[in-house]
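**Student:** Listed in order, the protein sequences are those of chains L and A. For the first sequence, the numbering used here assigns the number 5 to the initial residue and increments by one for each residue that follows. For the second sequence, the numbering used here assigns the number 603 to the initial residue and increments by one for each residue that follows.
Keep in mind the hints are simulated off the structure, nothing from the lab. Backbone N, C-alpha and C define an ideal beta-carbon position, used for all residues, glycine too. Misleading hints may appear alongside valid ones.
Computed cross-link-like contacts, DSBU-like style, restricted to lysine-lysine with a CA-CA straight-line distance of at most 35 Å [said to hold, decoys possible]: (1) L:K54 with A:K996; (2) A:K940 with L:K187; (3) A:K884 with A:K940; (4) A:K989 with A:K884; (5) A:K791 with L:K166; (6) L:K54 with A:K940.
Here are some chain A residues pointing at chain L (derived, C-beta under 7 Å) [said to hold, decoys possible]: (7) L715; (8) E737; (9) Q857; (10) Y865; (11) S885; (12) G909; (13) F912.
Some chain A residues near chain L, calculated using beta-carbon distances under 10 Å [what the hints assert, rightly or not]: (14) R722; (15) L881; (16) H889; (17) G1018.
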Amino acid sequence: MPCGHKLLLTVMLVAAAGTGLAQSRPYNIGTAASPEEVRAADHVVGPTGKELPTGSGTSKEGAAIFAQRCAGCHGSNGAGGAGGPRLVAASTNGKQGPFTEKSATNYYPHATIAWDYINRAMPANKPGSLSADEVYAVTAFLLFKNGIIQESDSMDAKSLPKVEMPNRNGFVPAVPVWPAPPKPSWY
Amino acid sequence: MGSNRTGRRRFLERGVAMAGLAVGAVRTASSQESAPETREVNPKGPYAYGERSRFVTSGRTNDYPKGVFQGMFGPRQNAPLQDVAGIITPAPLHFVRSHSTLPDTDPQKYRLLIHGLVDRPLDFSLEDLKRLPSESRIHFLECQGNSSPGHHAHRKSDFATVQDLHGGTSCSEWTGVPLSVLFKETGLKKGGTWLVSEGADAGRYTYTLPIAKALDDVMVVYGQNGEALRPDQGYPVRLLVPGWEGPYSVKWLRQIKVVDQPYMAWDEAIQHSISRPDLGDKSRWYHFEMPVKSLITRPSGGQTLPGRGFYEISGLAWSGAGVVRRVEVSTDGGRTWKDAKIQGPVHRKAHTRFTLPWSWDGSEVVLLSRATDERSEVQPSLDELSKRWGFSTKETWETADHAFHFNATQRWRVMGDRSIHDAMWS
């Protein structure tokens, strides 16, 4: 029976350590971050769009902003240009081939990706300089030019995540997972 | 000079004292001096931070053909693998891939914020990170698109050397805090299965990583090869994700947010997705590990052999899966193979040096190597990889700049005129 007791004790200790992980700080190093600081830093937008800020924009508004802030690199119709890749696909049927121009917005599985990237990284010479309204508008412009939404559609925190993207199921594995199922490394 | 003389005098004095002891007459020379000596701390001339000889000129090179617009985007530079001795790449020669500006961060003001699905959102200063338990480990980092088949194509024939073709890999000793240690401080909430890391460059480079990997062997590093990270390697702090595609190892790491799913940042879901004929209409994403690869770095493309006779064939092998178990070398275009000597100690997910003695008889030959890793994965030939990926001709490969993770065996042709050339397709 001592063996059994030992086992029980080990199980209890492991259980205690497991729950303790959430409570105890082994080194007590690092400073508590204030909610304000976290809010200010927390701008990344995931595929559900739950982090999207208030604001809105249409393709029409976006066309003017695109001409001013984006066309210099990406071309007036978003077909690519001086250093900026193509953003509007040559064909708008949504079909993707193995050598597609993956920079085109219709390649994206979620419309939120365009919003997040434009918001933090574009325009490349002054990232972060567009307002939330402007980012919604430019995103709407690219979605319209790629034949995904109507010109009159307004994009905001509610409508953007609901946009049905033509290449939504164009990726393998369908759901990224780690550890990955056993497969040869070249796959 | 002053400090040298002082040091020498101290040494002599100590010698006199010792000699005194030996004969039993205890009398120290220093007891005759009254004021303590001042020390000239900083060496004069180039000695405070050693420079290499003016005769050594090896350096990084650009990873794109002339005329390609780089504009606002950061540098893309390759490491001179042909000149690297051993397994460590000096930090000033480590390859560089950046996606935006080069931040100039004041270490006093640096903070790493960890938030999201954690019990306690915390800020860590650089000093905080250095107080925590550290580890130093040797790991390679490789650009996901390194060895891109497009580089070998004839339309880009100015890519000739092992540096041009494969210089997007490097290997360092990295020092920092395991991410698991930081998560013990913050606590992890249930459902926190992925994390989003973000850099401090202007474009806020962003990448998602599964928590399981983060808790396994991911580090938050501040040291590289015994010194602080270089600015182009992420100073003051970067993420280091061993064995995985380079893009996971976010430089200038500013924040980590624990989340409940992959966040599909443009950098991971779009830019680094992979198209190949065998995938049909689909693209491969979240590819994680880099496959087993090896290269002969010497003799290699662009070099000229001095003449017939003895050479030590030398190269590098690595695998994102763990250790390299075996490297074979062929000096007859792949008809026969010999086991190369692997120089130990062999580190997991690290460059591994191999060598094979060889005597050149002056005739045209093709040299190549192939590695096998701890999972018994064998580096494929171009033919094998072409079959797997559905590339039927050289021309289809030329359009395959997005067929990342290219690890076909590298063939070098030694010509009768002693010159050496890329023979991937011939």
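**Student:** All the hints need checking, so say for each whether the structure fits it.
**Tutor:** Hint check:
Between K54 of chain L and K996 of chain A the alpha-carbon distance is near 46 Å, which puts this suggested pair outside the 35 Å criterion. Note on K940 of chain A and K187 of chain L: the hinted pairing holds, with a Cα-Cα distance of about 29 Å set against a maximum of 35 Å. For the proposed pair K884 of chain A and K940 of chain A, the alpha carbon gap of about 40 Å is over 35 Å, so the pair is violated. With a CA separation close to 18 Å, the supplied pair K989 of chain A and K884 of chain A stays within the 35 Å bound.
Straight-line distance between C-alpha atoms of K791 of chain A and K166 of chain L comes to about 28 Å, which keeps the hinted pair within the 35 Å bound. Only pairs whose Cα atoms come within 35 Å are accepted, and K54 of chain L paired with K940 of chain A is rejected, the gap being roughly 58 Å. With 7 Å as the threshold, the beta carbon of L715 of chain A comes within range of chain L, its nearest partner Cβ sitting at about 6 Å, so the hint holds. The interface hint given for E737 of chain A is broken, as the beta carbon of that residue sits about 15 Å from the closest beta carbon of chain L, more than 7 Å.
Look at Q857 of chain A: its Cβ gets to within about 5 Å of chain L, closer than 7 Å, so that hint holds up. Annotation: interface hint on Y865 of chain A holds; nearest CB of chain L at approximately 4 Å, less than 7 Å. Using the Cβ-Cβ criterion of 7 Å, the hint placing S885 of chain A at the interface with chain L is satisfied: the shortest such distance is roughly 5 Å. Annotation: interface hint on G909 of chain A violated; nearest CB of chain L at approximately 39 Å, more than 7 Å.
Because the closest C-beta pair between F912 of chain A and chain L is about 36 Å apart, greater than 7 Å, the hint is violated. This hint holds: R722 of chain A has a C-beta 6 Å from the nearest C-beta of chain L, less than the 10 Å allowed. Restraint check, L881 of chain A versus chain L: the minimum CB separation of about 6 Å is within 10 Å; hint holds. A cut of 10 Å between beta carbons decides the hint on H889 of chain A: the least distance to chain L is about 9 Å, and the hint holds.
With a least beta-carbon distance of about 35 Å to chain L, the hint placing G1018 of chain A at the interface is violated under the 10 Å criterion.
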